[in-house]
Structure formats: C-alpha cells, structure tokens
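In the order they appear, the protein sequences are chains A and B.
Each step along the first sequence adds one to the number in this note's numbering, with nothing skipped, and position 46 is 46.
Each step along the second sequence adds one to the number in this note's numbering, with nothing skipped, and position 35 is 35.
Honestly, the hints are just simulated from the structure, not real lab data.
Note that CB positions come from ideal geometry on N, CA and C, so glycine has one too.
Check the hints yourself; a few may be wrong.
What the hints assert, rightly or not - Straight line, CA to CA, 25 Å or less: simulated BS3-like cross-link-like pairs of lysine-lysine:
hint, chain 1, residue 1, chain 2, residue 2
1, B, 41, A, 57
2, B, 55, A, 42
3, A, 42, B, 41
4, B, 64, B, 20
5, B, 41, A, 99
6, A, 22, B, 55
7, A, 37, B, 55
8, A, 99, B, 14
9, A, 22, A, 71
10, A, 99, B, 64
11, B, 55, B, 20
12, A, 42, A, 22
13, A, 71, A, 57
14, A, 68, B, 55
Claimed, not checked - One side of the interface only, derived from the structure: several residues of chain B facing chain A at Cβ under 8 Å:
hint, residue
15, 28
16, 32
17, 97
18, 98
19, 105
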Amino acid sequence: GENVEQHPSTLSVQEGDSAVIKCTYSDSASNYFPWYKQELGKRPQLIIDIRSNVGEKKDQRIAVTLNKTAKHFSLHITETQPEDSAVYFCAAIWSNDYKLSFGAGTTVTVRA
Amino acid sequence: GAVVSQHPSRVICKSGTSVKIECRSLDFQATTMFWYRQFPKQSLMLMATSNEGSKATYEQGVEKDKFLINHASLTLSTLTVTSAHPEDSSFYICSAIAEPPSREQYFGPGTRLTVT
Numbered sequence: 001g002e003n004v005e006q007h008p009s010t011l012s013v014q015e016g017d018s019a020v021i022k023c024t025y026s027d028s029a030s031n032y033f034p035w036y037k038q039e040l041g042k043r044p045q046l047i048i049d050i051r052s053n054v055g056e057k058k059d060q061r062i063a064v065t066l067n068k069t070a071k072h073f074s075l076h077i078t079e080t081q082p083e084d085s086a087v088y089f090c091a092a093i094w095s096n097d098y099k100l101s102f103g104a105g106t107t108v109t110v111r112a
Numbered sequence: 001g002a003v004v005s006q007h008p009s010r011v012i013c014k015s016g017t018s019v020k021i022e023c024r025s026l027d028f029q030a031t032t033m034f035w036y037r038q039f040p041k042q043s044l045m046l047m048a049t050s051n052e053g054s055k056a057t058y059e060q061g062v063e064k065d066k067f068l069i070n071h072a073s074l075t076l077s078t079l080t081v082t083s084a085h086p087e088d089s090s091f092y093i094c095s096a097i098a099e100p101p102s103r104e105q106y107f108g109p110g111t112r113l114t115v116t
C-alpha cells in the first residue's frame, strides 16, 4: 500500500512567520494529495488539495507544491496566526481507488 | 453541502458489550464510505471501505468479525464494534465520497469510544 512520510512531527513558529511541512509518498500512481487540519477532538478539515497535473496551488495564506518526479509535496502557511495552531496531516490517494493514506501528522504551534 | 454526521458522538461501554456507530451523508448519496480509527496523538488509520449493497473491504490487520460494517443504503453506513475491549477505545471517524471520480472525502465529526 501507499506509504506517506511527513516531517517534522512538531513545528513551533512565531506569529507572522511561515510554516512548512513536507511529505513524501511511495506510490508513483498516486494522483491526489489533500492536506487536512485537525483540532483536538474534531474531524479533519480539508484545507487545500492538489492533483498530479498541477505543480503548485495557492489559496490565500496556504500553498501546496508537488514534485511528482521526486514524489514529494509540501504545505506552506504564510503569515501564521495563533488560530493556525493545530495538527496538520498530508495524505495521498492509494492505488487506483479512493483510499487515503495519511502522514503521521505535524503539530503546529504558533506563538503569539 | 456534503455534510456527514455520526452518532453517537461519545459512548462509554463495558468490556464485552457491542457498540454501533452510525455514519450518515445528509445531503448527498454516498456509494462509498470509509471507516478510520485514530488513537491519541496518532494519525488516521483506514479500517475498511464500505460499499453500498456489498460487503465491506477490510484493511490488513483489521478483524472483520469484530468490526462489522453494514452499508444498507446510499446515505447510511454502520460500524459495530463487537465484544469491545479497553484496547478498542479510540476515536472512530467515517468519511464519504460525494461524487466519484472526485477524490475529496467528507469526514464525519467522529465518535469517541471508551471501553471500561
């Protein structure tokens, strides 16, 4: 099955600085890469996703880049705010069905 | 749109009893739903894929006789944890796909199961 690795496991940034989370995947057939934000005890919320025919996608302060050759993708959060503090998960579609494989998660703490 | 609900949100049961968790797509039909389990400070682990009108597909290491899944309609899938034990205590989350070939999964709010 798909193996998704995510780094770092924890990330502490000063408010206003940028945060970058990186993920790698193993299945070269993967073609959909969503990012989720999860607050304690809540459901994962999709914050941005990217498909394999696109190299970069941006939505306000959030951007995702994809390098299919290297099989890695990254989440960039600019101008971080305290409300950005949460656990972030990357994921990749596994094989030719709709199964998602999740990374281990990154706990982001934005210091005011 | 694309709202998924789960019931109950929290449940406490005694060891050896069974618990049923419902997952509903409220404003769309879902031919495929997924069940995940999430232990504290860990990631979501896929347990099984639930397809309407057919048997669920379980991931390796997940006991199908312990985690019974039924997807009897296009808007409802149920997960029954049979003979629950304390190690089954976890956060169970379902998700549904609204419109294949869209890959986006819509997640339910989760069910916190505590087995005493």
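Results of checking the hints against the structure:
A hinted pair counts as satisfied when its Cα atoms are at most 25 Å apart, and residue 41(B) with residue 57(A) does not qualify at roughly 29 Å. Of the pairs offered as hints, the one joining residue 55(B) and residue 42(A) is violated, with about 29 Å between alpha carbons and a cut-off of 25 Å exceeded. About 13 Å separates the Cα atoms of residue 42(A) and residue 41(B), which keeps this hinted pair within 25 Å; it holds. The suggested pairing of residue 64(B) with residue 20(B) holds, with an alpha-carbon distance near 14 Å, which does not exceed 25 Å.
Under the criterion of a C-alpha separation no larger than 25 Å, the hint pairing residue 41(B) with residue 99(A) is consistent with the structure, at around 22 Å. For the suggested pair residue 22(A) and residue 55(B), the alpha carbons sit about 36 Å apart, so the restraint of at most 25 Å is broken. Distance check on the hinted pair: residue 37(A) and residue 55(B) sit about 31 Å apart at the alpha-carbon level, beyond 25 Å; violated. Between residue 99(A) and residue 14(B) the alpha-carbon distance is near 32 Å, which puts this suggested pair outside the 25 Å criterion.
Taking the CA atoms of residue 22(A) and residue 71(A), the gap is about 11 Å. The hint holds against a cut of 25 Å. At most 25 Å may separate the alpha-carbon atoms for a hinted pair to count; residue 99(A) and residue 64(B) meet this at roughly 18 Å. Between residue 55(B) and residue 20(B), the direct Cα distance comes to roughly 17 Å. Compliance with the 25 Å bound is thereby established for this hinted pair. Distance restraint check for residue 42(A) and residue 22(A): the Cα-Cα separation of roughly 23 Å lies within the 25 Å cut-off, and the hinted pair is therefore satisfied.
Straight-line distance between C-alpha atoms of residue 71(A) and residue 57(A) comes to about 16 Å, which keeps the hinted pair within the 25 Å bound. Straight-line distance between C-alpha atoms of residue 68(A) and residue 55(B) comes to about 34 Å, which puts the hinted pair past the 25 Å bound. Hint status for residue 28(B) relative to chain A: violated, with the closest Cβ pair at about 15 Å, above 8 Å. Among the interface hints, the one on residue 32(B) holds; its C-beta lies about 6 Å from the nearest C-beta in chain A, closer than the 8 Å criterion.
Hint status for residue 97(B) relative to chain A: holds, with the closest Cβ pair at about 6 Å, below 8 Å. Evaluation of the residue 98(B) hint against chain A yields a violated restraint, the C-beta minimum of about 11 Å exceeding 8 Å. Restraint check, residue 105(B) versus chain A: the minimum CB separation of about 6 Å is within 8 Å; hint holds.
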